[in-house]
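Chains as they are written, first to last, in this note's numbering: chain A, 9 to 380; chain B, 9 to 380; chain C, 9 to 380; chain D, 9 to 380.
Mixed in with the good hints, there may be bad ones.
Copies of the same chain look alike in the list, so a pair counts if it works inside one copy or between any two.
[What the hints assert, rightly or not] Simulated crosslink set (SDA-like; lysine to any residue; CA at most 20 Å straight-line):
hint, residue 1, residue 2
1, Lys81, Gly43
2, Lys342, Ser243
3, Lys306, Val280
4, Lys306, Pro281
5, Lys149, Asp235
6, Lys54, Lys149
7, Lys198, Asp129
8, Lys336, Arg249
9, Lys306, Ala282
10, Lys336, Val302
11, Lys342, Thr266
12, Lys342, Thr250
None of these hints come from the bench; they were simulated from the model. This one's a predicted model, so the numbers in the text were calculated from it and none came from an experiment.
Protein chains: 4
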Amino acid sequence: MKSLICLNPCVCAAADVSLTNNAEVKVMKALVYQGPGKKAVEERPKPEISAPTDAIVRIVKTTICGTDLHILKGDVPTCAPGRILGHEGVGVIDRVGAAVTAFQVGDRVIVSCISSCGKCDYCRRGMYSHCVNGGWILGNKIDGTQAEFVRTPHADTSLYHIPEGAEEDALVMLSDILPTGFECGVLNGKVQPGSTVAIVGAGPIGLAAQLTAQFYSPAEIIMIDLDANRLEVASRFGATRTINNTDGKAVEKIMNMTNGLGVDTAIEAVGVPASFITCEDIVAPGGVIANVGVHGVKADLHLERLWDRNISVTTRLVDTVTTPMLLKTVQSRKIDPKKLITHRFKLDKILDAYETFGAAAKTGALKVIIEM
Amino acid sequence: MKSLICLNPCVCAAADVSLTNNAEVKVMKALVYQGPGKKAVEERPKPEISAPTDAIVRIVKTTICGTDLHILKGDVPTCAPGRILGHEGVGVIDRVGAAVTAFQVGDRVIVSCISSCGKCDYCRRGMYSHCVNGGWILGNKIDGTQAEFVRTPHADTSLYHIPEGAEEDALVMLSDILPTGFECGVLNGKVQPGSTVAIVGAGPIGLAAQLTAQFYSPAEIIMIDLDANRLEVASRFGATRTINNTDGKAVEKIMNMTNGLGVDTAIEAVGVPASFITCEDIVAPGGVIANVGVHGVKADLHLERLWDRNISVTTRLVDTVTTPMLLKTVQSRKIDPKKLITHRFKLDKILDAYETFGAAAKTGALKVIIEM
Amino acid sequence: MKSLICLNPCVCAAADVSLTNNAEVKVMKALVYQGPGKKAVEERPKPEISAPTDAIVRIVKTTICGTDLHILKGDVPTCAPGRILGHEGVGVIDRVGAAVTAFQVGDRVIVSCISSCGKCDYCRRGMYSHCVNGGWILGNKIDGTQAEFVRTPHADTSLYHIPEGAEEDALVMLSDILPTGFECGVLNGKVQPGSTVAIVGAGPIGLAAQLTAQFYSPAEIIMIDLDANRLEVASRFGATRTINNTDGKAVEKIMNMTNGLGVDTAIEAVGVPASFITCEDIVAPGGVIANVGVHGVKADLHLERLWDRNISVTTRLVDTVTTPMLLKTVQSRKIDPKKLITHRFKLDKILDAYETFGAAAKTGALKVIIEM
Amino acid sequence: MKSLICLNPCVCAAADVSLTNNAEVKVMKALVYQGPGKKAVEERPKPEISAPTDAIVRIVKTTICGTDLHILKGDVPTCAPGRILGHEGVGVIDRVGAAVTAFQVGDRVIVSCISSCGKCDYCRRGMYSHCVNGGWILGNKIDGTQAEFVRTPHADTSLYHIPEGAEEDALVMLSDILPTGFECGVLNGKVQPGSTVAIVGAGPIGLAAQLTAQFYSPAEIIMIDLDANRLEVASRFGATRTINNTDGKAVEKIMNMTNGLGVDTAIEAVGVPASFITCEDIVAPGGVIANVGVHGVKADLHLERLWDRNISVTTRLVDTVTTPMLLKTVQSRKIDPKKLITHRFKLDKILDAYETFGAAAKTGALKVIIEM
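Looking at chain A on its own, in the form it has when it is part of the complex (with noise of 0.2 Å):
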C-alpha cells in the first residue's frame, strides 16, 4: 500500500511527515468492544495515516457518551466487536496526510465526533452527521478515541484548532455533547429572548441543552427529570422551574404555569416514547418539538390534536457545524462547559470510568474526564 521509495513526503498519499519523532511508538492502550456487554483495554497498534487527508492524533483527554453505552448493550449494529470505542476528545496532531492543509504536526485540536469530508452535497449544505463519506463513524464504523492516538479522516473540516489558553476540560465537551444539545435542541427549538422553553430529560445531553438555551435569554427553561439530583443540577445551572416527574403530573404543571398555553420550545432529551408524548401535550400552538434523544421504538404522534396547531417537530443528528460558534461562546466566557464534568480518571482507569457513569443515578455522574 505504501511507496517503498518516496522522497517527497508532501503529496505522496502514504505520506508520514512526523515519522521519525514517533518512530518509536508502535503500539498504544484503548478501550475495546468485545461485543454485547464485553469490553477491555487492549493494546493495539498505534493508526497510520491512510488518506492523504487523515490525522493522526494523539488523544490528551476523551469522555465517553451514553451512546457508548448502548453499543456495549449491542444496541448500534454498525458498531462490531473489535472497535475502538470513544468518538469525543481534544489533543494533539501527531501525523498528518499528505492533503491535509488546515493543521500541522504539534497543533492542539479538538476532535468532532463527525467526519465530514466538506466535499458532498450533505457537507456543504451543512448536514455534516450525513456527510456520505464520513458522518459519526468515529468509534463506531472505524476506531475511536478512547485510545492514546486516533486516526481522524477528512481532518481539515473534523478537526478544530483549540485556540492559546484555552481550556482543554471544556472544550472536550465540544466533541458531541455541547453541540448535540445546542443544534438539536436549542436551535432546531428556536429559542428566542422571552420564549418558554421546557426540556424533558435533565441527564448531560438535557443539561447541555439548557446551557446552550441560555445563549438566547429565554424567560424560562423548565427542566422535567424523575431524579432530584439532576433537576437540582440543573436548578444550579440556572433552570428556572425544575419537576420532578415522578408523580406524572409534569404536564399538568406546565399549562399551570403557562396559563394553559404551554411552551414554544419542547426538547425531547431522553429517547422514549414517554417523554415525547409529554412534548406532545405541553407545546403551545405554534411552538417547536425538537427531538434530541436516541429513538429505539415508535412513538404515537396524536394528529388528531396537533394537526392544527401550527407546530414543528424536528430530528437531527448533530451536525458539529456550530463548533466554530460554540468556540467562541467558550473563550468569551458565554459558557463555562466545565459544568458538566464530575468525574476524572486516567486512562489505564477507564472501565472503573464507565462504571461511574453507567451508574449515573447514583454516582451523580454527567461527564467524565479520561486523561491520558
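Assemble chains B, C and D onto chain A, guided by the hints.
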C-alpha cells in the same frame, strides 16, 4: 347620519350605515346543518350587525369544502345543529359596523375562512387560525356563507378587497383551498427551485398544494393517489410524475425515482395514518413532512428511523395570512385557480351540489361553485 | 359630532365609558412645542375619544427622547407649533372608545411610540412604523404623552398591558428606546452567540442596543464614542471593550482587535455620515451594518470597496413589534432597563428635565423620568 | 499505481493518474492578457498538477465575461500581464491530483468561476467567494479557462459533474452568470411570489437575474435600460414591463406603476452610481436593494430619506453555492440558459469573439460561446 335615540345595545342604528337601501330584505335562503346526516335549505332571518367590527356580506358565490362533509357526518363537535354551513365565498358589502374602516357598502370582497381580530397575540404573530376572538368560526361556531347573506366578524382583518377586473370564480378559491395548500403544504414544506416534492393525495387540497408549489419552480412534483382520474388531472395541472398507489408500491417507486434519497418535501393531503407514514418513508434527510390533512386518529411516528434524519414535521391550520400575496399571483396570472372548478350550481340547487361534491370519485368533482 | 341622546355606550362612536367618574377633569397640564426653540407648560383641554378605537390614557410616567430635541430645533416639519410633545410613557386607561376590546378603564398600560391600526398591509406585515393610519404620530402629528392625559388611537394594537408587579420605570423604556435598539440594531444586525458587535455611539440608543444585544450572547460588544463618561457607562453595562475615538483611530483599533477581519455586526447609533462610514470600514465580509441613527444628510456608500463583500446595510424606524417579547425579557429579569434612567422630575419641572437631558454631556443624562 | 521514485515535490507522478494517455500534449493555445488594451492568442505549456487537490480540465466550451473586458482596460490590479483570461467553461477532466476523490479522468464538468477550498471559515459558511485559499482566482490571479486546458485548484469543491444528457452550452452559463444573477440579485433581493421586482440594467447579468427571478413567480418584473434592443430581449424573456430610461423618467414611471409604493426588490445590474440611486428612489418600504453591479466609485446613500424606510441594501460577489440547485432547475427545464447565447466562435477566432462581445450595443451580443 346617526340615530338620535338608540335603544338596542348591539345593533345601534348608528352602526348600520346602509339601513335604507336594504330595509326591505328580511329573510334569506341558507343551507342549514340539521344534525348528523341531515341538511336542508331553510329560510332564515337576514343576519344583522352585532359588533361594531362586523360586516354583512351579500354572498355572490360560495363553494363546498371537504370539511362541510365532515360536519354533516357529525365529526365536528363545535358545529351544532341549526348552523348555516360554509366558510368560503365572494360577495358584496351590504352593511358595516361603526368601527369598520377598510370597507364600505358596495365593496366587492373575498370572505376568508378564518376570522382574525388582528389584535390578539396570535393574530399579531400571523397565526390567525388561533385568533382567540375568531379563527375558524364561520359555518362552524357561527353561521356561514352558504346563504344569501353572512355576518363576518372582524371585517377589516377578515375580508379582502376584490381588485377591479378580477374573476370572482377564481377568487372563491382564495377563501380557503389555495391558502391551505400554500401555507400548510408549500410554505411549511419549504419548496425551493430545483427541489423534489411529493404530494400524497390528489384531491382538491393536494391539487391546490401542487398549483401553488409551482410558484417555486421545483424540479419534480410527484402526485400520489389511488384515483386514476385525479392523477390525470394532476398531470394536466403540471405534475412531473404521478403514481397510482393501488399496488402499494409508491414508496418503492419514489425511492427509485430519487436514487434512494427520497424527496425534499413530502406533503400529506389526505388525513389518514397510512398516507402520513408514506411521507415518513419518502422524506429525504434534511427534508420536511408538511401535514395538510385533517386527522381523526393518531399516527405512528417512527422515531427509531427518523431521530437522526434531520427532518421536520409541520402541522398548521390555514391562517390565510398569505391571501394578499396569493391575490397578487392570481392577478398577475402566475396561477389560474379556476382550474379547480368542475361544476356550477344555483343556490337553490345546493343539495345537488353537495351530492355531486360528495360523490367526487364518480363525478370527478374538485370544487363546485354555488351562485346566488 | 355626537349624538344628543345615546343610551347605548358600547357601540356609539362617541361613547365615553368613563364619563361619570372623570367628569370633573376638564383641563390638564402639558408640555407644548411653540415653534423652533420654544416650549412651555400650558393648560390644555383634556383629550376626548374621537374614534371608536381610541383610548384616553392618564399618564403616570413619561420621558424625553432625542427626537423631542430635534422637534424643538425645528427639524421635524410634520410637527407643528402647538403640539403637545412626547411619544413614550406608562399610564392608566381613563376612557375607551366603543370598539376597544382589549383594554378597560383602570388598566395599567405602556403607550407605544408607534400607533398601529392592525389592519393595513404594513401592520399585517409587522411594519407598524409604516402604518398608513398611524405610525409615529404621537407628539408629532397629534398630541403626545408629556401631559396628564393623552388620546391614543388604535388603542387595542398600540397599547400593552402592564403585568401585575412590574416596575413602571423600567417599562417606560419599552415605549421606544428598547425596541428601537433591539429592532433596528440587534435584530436587523443579526447578533448571534459568539459573534462580534461594534456599536458606534454610546448614547441612550446605543446603550439600549448594547443591553438588548446581550440577549444573544455575542462574544464581543465594542462600544465607540467620544465621551469618556458614556463609555464608562457602557463598560458598566457589560461592553467587552470601549474605544474613545477622539484620536480618530477606532477603525484601526477594531481591525487589530479582530485580526483584520472586522465585526459581524456594526450598529450605527449616532446619525451622522462619519459614524456610518466607520461602520463601512469595520464590517467583516458577510456582516451587517444596522443603521439606528436618524440622518439629516446623505452618506457616502463605498460600493467600490463593498460591492463584493457580501454585506447588508439595513435601515428601520422602530415598529415596536417586539414589545411583547421585550416585556417578557424584562419580567424574567433578562434585562434591567432601569439602568438607563439617570434623573427624575415631576411634570411641573419638565423644563428642568429638558435642560438636564439636553445637556447630557455635562449632566450625564441618559433617560429622565417625568412623573405626574 | 504509484511512482517508485518521486523527485518533484509538487507534481509527484503519484498524483498524475493520467500520465500515459495525455503524454503527447505539451503545449496549448490560450488567450493571454498582455497589459492594458493588449491581448493575444499564445502558445503556452499545458498546465500541470501542482497540489494534490488540483485537477487539469480540458476545456470544451468557454465564454467571455464583462469582467474580462475590465481586466483588459487595466481596471483589475490583481490580474498581471501574462495571465490567461477566462473563469467560465465546461470541459473534461484530464488529470486529477492524488487527493481528488469526487472526479475521475474523463468526467465532464462545469468549472465554477469561484475556487473554493471547502475548508476555511468562509467556505463552511457558504461564502466561497471569500475563500482564503481561493475565491475568484481563475483568469485573475492564476491562469484561466480561455485555453485548451486549465488547472483548477480545489477540484472537489470547485467543479460540478455534468449530468448525462445535459446541454453543455446551457451549462457554461452556470459557471458565473446564472449564479451571479441568482445569488446576488434574486436570493439577496428576496424575490417572492406576487412581489414586484425592478432590474436596472438589461445586460447579460440583468437578464440572468430576470430569468432566475422567474423561479419565484413575482407578479411584476420591470426591466430598465437605455438600449431598446436589450429591452426587447427582456420582453421576449418574460419581463412584464420594460422602461427605456433615455428620458430619465424611470423613477417616475415605476412609482406610477406601483401606486406610489415602489418595488419590493430593486436589483442594480450596471455598476454606476446613477443606477444605484435609481434603486434608492424606487425601493418600497420594507424592500431590498440587491446590488449585482461591479462598482468603481462610491455612490450617495440617501440616509436622510432611507433611515426610516425599513429597507436593506445587499452586496455580494457570487459564491456559486447555488450551482447544484441551478443545475437541477436547468435539468428540469425550469429555465433555459441557452437563451443568453447570441454568438459562437472557435477558439482560434476568440479575438473576433472579444470584438463582438465588446461591441454589444452594435452586435446585440449577450453571451458568446467559444468552442475548442
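These are the hints, each one checked on the structure:
In this assembly of identical chains, Lys81 and Gly43 lie within 20 Å of each other by CA distance solely inside one copy; the values are 8 Å within and 57 Å between copies. Taking the closest pair of Cα atoms, Lys342 and Ser243 come within 20 Å of each other both inside a single copy (18 Å) and across two copies (17 Å). Within a single copy, Lys306 and Val280 get their C-alpha atoms as close as 9 Å, and across copies as close as 17 Å, so both meet the 20 Å cut-off. Taking the shortest alpha-carbon separations for Lys306 and Pro281, both the intra-copy value of 7 Å and the inter-copy value of 14 Å come in at or below 20 Å.
Taking CA atoms no more than 20 Å apart as the test, Lys149 paired with Asp235 passes in neither setting, with 34 Å inside one copy and 45 Å between copies. When the C-alpha separation of Lys54 and Lys149 is checked against a cutoff of 20 Å, the pair qualifies only within one copy, where the shortest distance is 17 Å, while the shortest distance between copies is 42 Å. Taking the shortest alpha-carbon separations for Lys198 and Asp129, only the inter-copy value of 18 Å comes in at or below 20 Å, while the best intra-copy value is 25 Å. For the homomeric pair Lys336 and Arg249, the shortest alpha-carbon distance between copies (16 Å) is at most 20 Å, but the shortest distance inside one copy (28 Å) is not.
With identical chains, the CA atoms of Lys306 and Ala282 are at most 20 Å apart both within one copy (11 Å) and between copies (15 Å). Proximity of Lys336 and Val302 under a CA criterion of 20 Å is satisfied in neither setting, with 28 Å inside one chain copy and 33 Å between copies. When the C-alpha separation of Lys342 and Thr266 is checked against a cutoff of 20 Å, the pair qualifies only between copies, where the shortest distance is 18 Å, while the shortest distance within a copy is 28 Å. In this homomeric assembly, Lys342 and Thr250 come within 20 Å of each other (Cα to Cα) only across copies, at 19 Å, whereas the closest approach inside a single copy is 23 Å.
Violation of the numbered hints given earlier is confined to hints 5, 10; the remaining hints are satisfied by the structure.
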